[in-house]
Every structure is written in C-alpha cells, then in structure tokens.
Amino acid sequence: MIAVYSLLLLSAAGIVFFALSGHKDNIGKFNTRINGISLLITVILAMTVFNQGTLLSSGKAFLIDSFNVYLIVLTAFVGFTTSLFSEPYMAHEIELGKLTQSRLKLYYSMYQGFMLAMYLVLTTNNMGIMWVAMEGATLATVLLVSLYRTPESIEAAWKYFILCGVGIAQALFGTILLYYAASQIGDSENALLWSVLHEHATELNPDILEIAFVFLLIGYGTKMGLVPLHNWLPDAHSEGPTPMSAVLSGLLLNDALYAVIRNKMLIDGATQNHIAGYLMMGFGLVSFLVAALFLHRQKDIKRLFSYSSIEHMGLMTFAFGIGGSLATFAGLLHMTVHSLVKSAIFVTVGHASQISGTQKMTGIRGLIKTQPKVGWGLLIGTLAIAGFPPFGVFTSEFLVLLATMHEYPWLTPFLLLGIGIAFAGLFRHVQPMVYGVKPEGKIAIKANLLPVMVHLGLALWLGLAIPHFLSDWFSQATLLISGSAL
Amino acid sequence: MNIESQDFYTQAILSMSALVGLTSFLMLGQGRLLRLIFVFALQGLLLTLTTGLCAYSLDNPHLYISAVLTFSLKVIFIPWMLQKQVLDMNMHRDVEALKNNTSVMLSGASLMVFSYYVLQPIIHTSSMIMLNALAVSLSVVLLGLLLMISHRQAVAHVVGFMSIENGLFFAAIVSTNGMPMVVELGVAFDVLVAAVLFGIFFLHIRTSIDSLDVDLMNKLHEVDK
Amino acid sequence: MNWLMAIIQTALFVALAPLLMGFLKFCKCLLQNRSAPSFLQPYRDLLKLTRKQPVISEDASWLFCVAPYLIFTAMILAASVVPFIAIDLPTSAEADVIVLVGFFAFARFFLALAGLDIGTAFGGMGSSREMTISSLAEPAMLMAVFTLTMTASTTNLSGAIEHVIQEGLILRPSFVFALFALILVAIAETGRIPVDNPSTHLELTMIHEAMILEYSGRHLALIEWASALKLMLYGVLISNIFFPWGMAESFTLSALGYGLLAIVSKLIVLCVFLALAETAVAKMRLFRVQEYLGFAYLLGVLGMLSHIILESTR
Chain A
1 MIAVYSLLLL
11 SAAGIVFFAL
21 SGHKDNIGKF
31 NTRINGISLL
41 ITVILAMTVF
51 NQGTLLSSGK
61 AFLIDSFNVY
71 LIVLTAFVGF
81 TTSLFSEPYM
91 AHEIELGKLT
101 QSRLKLYYSM
111 YQGFMLAMYL
121 VLTTNNMGIM
131 WVAMEGATLA
141 TVLLVSLYRT
151 PESIEAAWKY
161 FILCGVGIAQ
171 ALFGTILLYY
181 AASQIGDSEN
191 ALLWSVLHEH
201 ATELNPDILE
211 IAFVFLLIGY
221 GTKMGLVPLH
231 NWLPDAHSEG
241 PTPMSAVLSG
251 LLLNDALYAV
261 IRNKMLIDGA
271 TQNHIAGYLM
281 MGFGLVSFLV
291 AALFLHRQKD
301 IKRLFSYSSI
311 EHMGLMTFAF
321 GIGGSLATFA
331 GLLHMTVHSL
341 VKSAIFVTVG
351 HASQISGTQK
361 MTGIRGLIKT
371 QPKVGWGLLI
381 GTLAIAGFPP
391 FGVFTSEFLV
401 LLATMHEYPW
411 LTPFLLLGIG
421 IAFAGLFRHV
431 QPMVYGVKPE
441 GKIAIKANLL
451 PVMVHLGLAL
461 WLGLAIPHFL
471 SDWFSQATLL
481 ISGSAL
Chain B
1001 MNIESQDFYT
1011 QAILSMSALV
1021 GLTSFLMLGQ
1031 GRLLRLIFVF
1041 ALQGLLLTLT
1051 TGLCAYSLDN
1061 PHLYISAVLT
1071 FSLKVIFIPW
1081 MLQKQVLDMN
1091 MHRDVEALKN
1101 NTSVMLSGAS
1111 LMVFSYYVLQ
1121 PIIHTSSMIM
1131 LNALAVSLSV
1141 VLLGLLLMIS
1151 HRQAVAHVVG
1161 FMSIENGLFF
1171 AAIVSTNGMP
1181 MVVELGVAFD
1191 VLVAAVLFGI
1201 FFLHIRTSID
1211 SLDVDLMNKL
1221 HEVDK
Chain C
2001 MNWLMAIIQT
2011 ALFVALAPLL
2021 MGFLKFCKCL
2031 LQNRSAPSFL
2041 QPYRDLLKLT
2051 RKQPVISEDA
2061 SWLFCVAPYL
2071 IFTAMILAAS
2081 VVPFIAIDLP
2091 TSAEADVIVL
2101 VGFFAFARFF
2111 LALAGLDIGT
2121 AFGGMGSSRE
2131 MTISSLAEPA
2141 MLMAVFTLTM
2151 TASTTNLSGA
2161 IEHVIQEGLI
2171 LRPSFVFALF
2181 ALILVAIAET
2191 GRIPVDNPST
2201 HLELTMIHEA
2211 MILEYSGRHL
2221 ALIEWASALK
2231 LMLYGVLISN
2241 IFFPWGMAES
2251 FTLSALGYGL
2261 LAIVSKLIVL
2271 CVFLALAETA
2281 VAKMRLFRVQ
2291 EYLGFAYLLG
2301 VLGMLSHIIL
2311 ESTR
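Residue numbers (my numbering), protein chains in the order written: chain A, 1 to 486; chain B, 1001 to 1225; chain C, 2001 to 2314.
Relax, there's no trap hidden among the hints.
Dumping the calculated BS3-like pairs for lysine-lysine here, alpha-carbon to alpha-carbon at most 30 Å:
#	chain 1	residue 1	chain 2	residue 2
1	A	K442	B	K1219
2	A	K369	A	K299
3	B	K1219	A	K360
4	C	K2283	B	K1099
5	A	K299	B	K1219
6	B	K1219	A	K98
7	A	K105	B	K1219
8	B	K1099	B	K1219
9	B	K1084	A	K105
Keep in mind that the hints were calculated from the coordinates and are not lab data. The model shown is predicted, which means the values in this text are computed figures rather than measured ones.
Kindly generate the complete structure, drawing on both the sequences and the hints.
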C-alpha cells in the first residue's frame, strides 16, 4: 500500500514542482525522471500483487487486484515513454515559436496532474472517487488541448470540455443511483466501495442497476469515444500537442473503459440477464463500424488516427460486452497492445508533422526518404494498428472474432467488414505519406524514436508469444471480470 | 402514501423540489445573462434550503456541511464570478433573441414527463414519498441540457452545466441523504475547478473570436470544405 | 332556506363589486401619491350612467342593445356558482367549475360580438385582441383549476373547497403552481396591467375598452358593473380555493359573519397586491402577451405534473 500512496504523492508533488518552476530551461528531463520513478514504483506494486494477491488498503479506500494492476503499470510505462518523447519535441516547438516557455509550466504541471488523476481512477475502491478522478482528468487536459491558442484549438478544447463534462455528469447520476441501490441493502457507510458491492452484488435491486448502468455507460462512454458521443474526440486529439494526443488516446480511453467494466461487473452480479453486455455490444459495434467508415474521409493525420482510436475502443467495448472468458481475455490483450501501438503512432505522427510543417496528409510525403526512422515507424505502426500479423492487435482481433463466431455467429461478417474497411482506409492515407517522392526543403529533425521502437517491439512480442506471467495475469483478470477461466 | 399523510418537513421538501424545477424552467426562458445568473443563484439558494430542511428533519449533521458548501459555491462564488465576467466583457446589454421559446418550454415539460417515466421502476421500490423528487432532479439535469442546447451564449452554457450539477446534487440528497462526505468534497472541488477553467476559457474565446457566441466557433469540420 | 341564503349571497356579491373597484383605486392613488376619491365613487358613477340616455349608432343591430344585459346576467350567474361566504350553497353545489368557465366564455362571446357590431375599426380590433388573449388564457385557467380538482377528485367547487378545508394546512407543490398560474390568468382575463390598462385613453393600446367604446348610458353602466364583478369573481376564486379558511360551513349568524369578515380581508390583501403590481410593472406590448400566457400555461402544466409526480398515491 505504501507504493500506492507514494505513487499518488509523487504525482501531486510533481504538479506543485512544475507549477513553480516549469518555465525554466531543460525542465523536461524532470518530467521524465518523475515518470520514471513512478514506473519503478508501479512495477514494485505489480510484483507485490503478483506475490500476495489482491491488496486492499486499511479503510478500504484503495484496491489493487489483478485487473487494475497491469493497467497501472501500462499507464506508468506509456507516461514515461511519452515524456521521453515530449522532451525534445516540446523544445522544438518552442524553437518553432508555437509555444512560449511560460506555457510549458502549464503543460508539465498538468501532465503530472493528468497522471495523478489516472492513477487515482485505477487504484481507488470508491466509485464516487473514481468519478471525481475521471472528471479531474478531463479538467487537467482541457487547457492542454488549447495550448497553442489557435481558434481551432480553442474550439476543440471548448467542445471537449462541454461534451465530456455533460457526459460525465450522466455518469454521476448513474453513480448516485448505484449508491441508492447499495444503501437499500444496509450499510450506507461503505455503500460506494467496489469490493463491498461486488461481494453483495446479487442482493442489489436489478431494476435500479439496469437504469444506473445506462447512465454510467453513456457517461463513461462519452469519455471513451463511443458513437454517437464521440464528437469531441477527433477535435481534441488532433488540436492538442502530440504528447497530449498520445497520452489521451493511449491512456485516458483505457481508464474510461476500465470504469465501465468495473460497473459492468456489479450489474452482471445483480441482474442475471445479459443487458449490460448487450448494451456494450451494441454501442461497441456501432462505434467500430462508423469510425471505420469515417477513416476514409479524413484529411488531417491526427484525426485519422483518432478515428482509429474510436474504432478500437468500439471493438474493445464489443469484446467486453460479449462477456465470456475468451472475449474478455481478448479485450484485455487489446487494451494493452492498442495503448502501446497508438502512442507509438502518435509519436511518429508528431515527428512527421514537425518535419513537414503541417498536419494535413496532402502536405506530408516521402517520409521514408526524408527521415527513414520516422517513415518506417509510421508504416510499421499503421501495420500494427490495422491488425497485421504478427503484431499483438492481430492476436486480439482474432480472438474477438473467435469469440463472436462462438457466441453470436451472425455478427462476425460485420466485424470482418469493419476490420477490412479500416485497413483500407488507413493504408490509403498512409501509403502516399510514407512512400513517394521526397519533397524538397524538408530536413530530418532531432528525434528520439526509442519509445516508438520499444512500444512496437513490445506489441510484436505480445503478438508472437505472450510471456508467462503476463498471460497468467490476464487469466486472473479474466476470471475476475467474466467469472469463468480461460 | 399520500402527501396528506406525510409530516410537514416532507411536504416542505417536496414543495421546494417543485420550486427548484420551476427555476429550471425560468432559466430556459431568459434572454438576458444577468437575469439568468440571478435565477441560477436562486436555484442554488432553494437547494441550500432544501438541504438544510433535510438535515434538520433527518438529524444528519453531514448535510449541514453540504448545505454550506452548496451555498458558498453555487449561490455566492459561481454567480459572482459569472457576473463579474459578464460585466467585464460588456455583455449585459446583449439580449439573446430566443427563437421558439414556446416549443423549448413545451419540450422542457415533456422532458419532465420523460424523466418521471424513466425513473418509475426505481420510485416504486421504496415507499418513501420523498423519492418522488428524484424525478424532479433528473428533469433538472435534462432541463440544464436543454438550456445548453437552446442558448448560443457561452455563459448560458456554463449556467446550464452548473444547473446539471445542481440537479445531481439534489438527486443525491433526495435518494440517499447525501453522498459520503469525501465524495461530496471531491465533487465540489471538481465543480470549483471547472468554474475557474470556464472563466479562463471565456477569456481565450473572447480573444480568439471576439465574442462569446458559440455558433461562431465553427472552424473544425468533419471533412474539410 | 338554503336557496334564500344563496340569493342573498349572490346579491351581496353583486352589490360589493363596485366597492372593490373603489378600494383598488384608493390603493393605486395612495401608491401614486394622489388623493383618492371616496370608496363609493363607483356607485355614484354607475348611478350617473343609469340616468343618462344611451346614444346608439344607426348601424347597430339588436345584438348591441341586448348584449349588456346578457353579459351582466352571465356574470350574476357566475357569481352564484362561486362560493363567497358559505361553502355549501345549492347553487354552487349544482354547478361546477366547467360551468363557471362556460359563463365567462358566454359573457366574453357577446362582448366581442358587440364590439364588432357597429363596424368601427377600434371595436373590431378590441374584439380580435380579446379573443386572442382568451384563447390562450382559457387553457391555462383550466389547467390550474384541474390541478385543484384532481386533488379533490371533484370538479364541484364547494366539494373541492370542503376537501381542502378538511385536510388542514398542507403544503402542496401543485397548489403553489396552480396559484401562480391562476393569478397570471386572472390579470389577463380581467384586463389589468401588465396585459391591458383599464384607464388608458389611447385607443390603439386598448383591449377591453376598445370593445365598449361605443356604449353609453345604462348599457355602459351594466358593462362596467359586469367587469367589476369579473374582477371580484377572480379574486374570490383565488382566495377561496387556495386559502379557504374562515369560510362559513354552517348557516349560523356568527359563522356567516365570520365568513364575510374572512373573505373581505382576503380581498383587501389581494387588492393591495394587485395595486402594487400595477404600479410597479409596465404594460407589456401585445405580442409579449402570448409569452406571458404561455408561461401561465406552463405553470399550470407544472402544477399538474407536480401533482402526478410528487403527490399522488403509488
């Protein structure tokens, strides 16, 4: 438990530190160091849980079990590698004149604030605090989306603020209904604690919980980018600085899905029918198909990959909605590899747009010739996210297809159609960017592509041969979520 | 379980909840920003009084703290901040001509009916008549959404957002006698930070498009034209 | 015996109506820092008008001469339906609130026709405005009254008032809304500020006055008395439905006396509020009246919804 407290305190200290001294030169490396120490702490935490099983803090405020521990490590890892990338990137942005040194103060302190909110979402046992932390994550990133202060970014940030704020207010209503249902069965002191609710799930009133889940799905689904609540996502992810897009796409969407699944576990225990699963499947499938179609019309590279995020989150929601051990395992694996690959893609996209000076795809050409590492990184990243074997995304999508064929065979054509359309859409846009004639006047920039290589390497490893402890973990989490082992 | 058979406090709380719903409707019809902020402050005041009444009749000291928190945030700080911004940016003379005022009001009434219909199964689970006010609280949330849809000024959007939070707070009071203190404090903190951020945003929007009319922010399209 | 009581009560109702107008004028003058005429001045005005010969246009038809009598009769019948001092009178036990609204509609119909009858432009304008306002106000009034009748499970006014008295002091959300809705409707229907200025001399701003512009002599006396009666009717309706305490439940002299005192004091309070509102608020432009009445209707709907959502049995 000390690990959890120190993790949260470190991020909080980071906020204060950067608020005071973020405008100084070379402050970015402190960001990297803080994130690196956080990563170490989370690894220690993971090993503790691995050895001791589920951890519950005294006072039951924090809960670390097999489901959220690997998400915590993943969050710390992606946060660390993104901060490695953001150091030279933000320095270059200042050189280009798009940012001032004082705005970096806001950037770094809100980066830490965002990490703190995400850790809190993942570690808390109290459903109300989970909500507070999700809203906190929105608030921390809102000003970052409009960091460049262009009219488009201000518009994107306003849309993000209003849509996510309103959406998450619905989730609060769902939480209140959940609390009401819980206080009906007795103990109103601990009524919002997930561990207590999970134990007594069968006693909760199913009518109340069904209505509560609708509100919760809509609320947290807005944060996740489920169609038709997704309108803020392409704007917010494309207008903010690239490290922000990487972190938002890779981590915040995962956290929202995590919140939905925690609630789904409660609803499944209370109502013995499958209503939560059907709702998730419906929204997930629609998001998947709609986003795949939208991929074709995009002209901005970051918007392209934001729609890819929506598509993958839809697929994950669909997988978790099916329930069952195979689909849940696939969903967990997909959460991990999507996080890794998407953040890697956004890193390369950031470099690509810096080289070409624009985010429009028609302005980016011949990346392989201009700076081979960036070009290859983008190409391999797109291959990975589109579901090409042997990367991890292929494995998880394959497992989802297997599960669908097993349980709902008539939905398999839709999935295949969506995967195919998305594949075509991505490559149609990426191929001219990566290949083609090298444009003149574009020079290679100083780029730290180590994060990209590490992420893609991990995705490859997870696709080929999941290491034993990780698959053990996933199995434990699958058992926890779906109630049946793989 | 009729209203006649309830004690005076329950009757008073139900009447207050009806008045809170009325303030939501009043906000829908306002074109002037200062009056809108005033009605919002009135809603916060009614909410504080309801919380105080609940605290007194149920003998729950936590609710007194919630009442004080709501009062300082929703009646004093946020209206003061919004009013200062409106006066600073000289927007108090703009009257937003609300088209289809009648249809907005009638859709507001139908939203109230809808929220009652949605929450019927929950209200039936308990014989506590105060739970009837849960339908009013959900309708306050939905009316806040309607307020955001029907108005074009960004300040009206913020007032709508805050009135959604009002409705949620009211739902918590009515159904569960307030959330646990730590969650209440967290939510209040979030609302405070959100209000401050909105204030900063007004400045940015004003600088970028020189007005706070949200319809003018339309540069981002789904596909480039 | 009861019928005699009913007749006496109606006669008292009709006789006291001009006194109400006198008192209202007194309050308004006090607020505007003028010296007021005596309370009995409306009686003197009515007497003066009765003695004069009515001047009737050559284009007038029989309707023009008959209408004032019809209007006055309808108002007297309406006055007999509304419980004034005592609750349980045969006239009010037989007719219910829908009949009351019907009487109002009857009077309004003939007034509008009389305004059109001569063929002047102002008369037609007044009639069309009056009909517009009443077509919006009537649903609002019905909605407000139905909220009351849903609580009491009867449309009979005396039955409803008895039910409310028996229940004791209960705070009902639906009554709060219905009260405000009925007040707004009353102001619109009786033609007070902010809907219509009864003492204006500018014909283009008139609504009620424009219809009766051509009347003189005893016809005008009857119509003026009828409008005073209408104001008193609404006042009595509001005070007796929502605050019925003090009404006589039996026919003993003390109960009747106490009931008379109660209703007179309630009417005085309402007059003071009306005078305050008329002095503080400016008259609305005509196209704003629909928003105003739409708001009154909304309040009525909210009252109904509050009753169903918040108060009714499971």
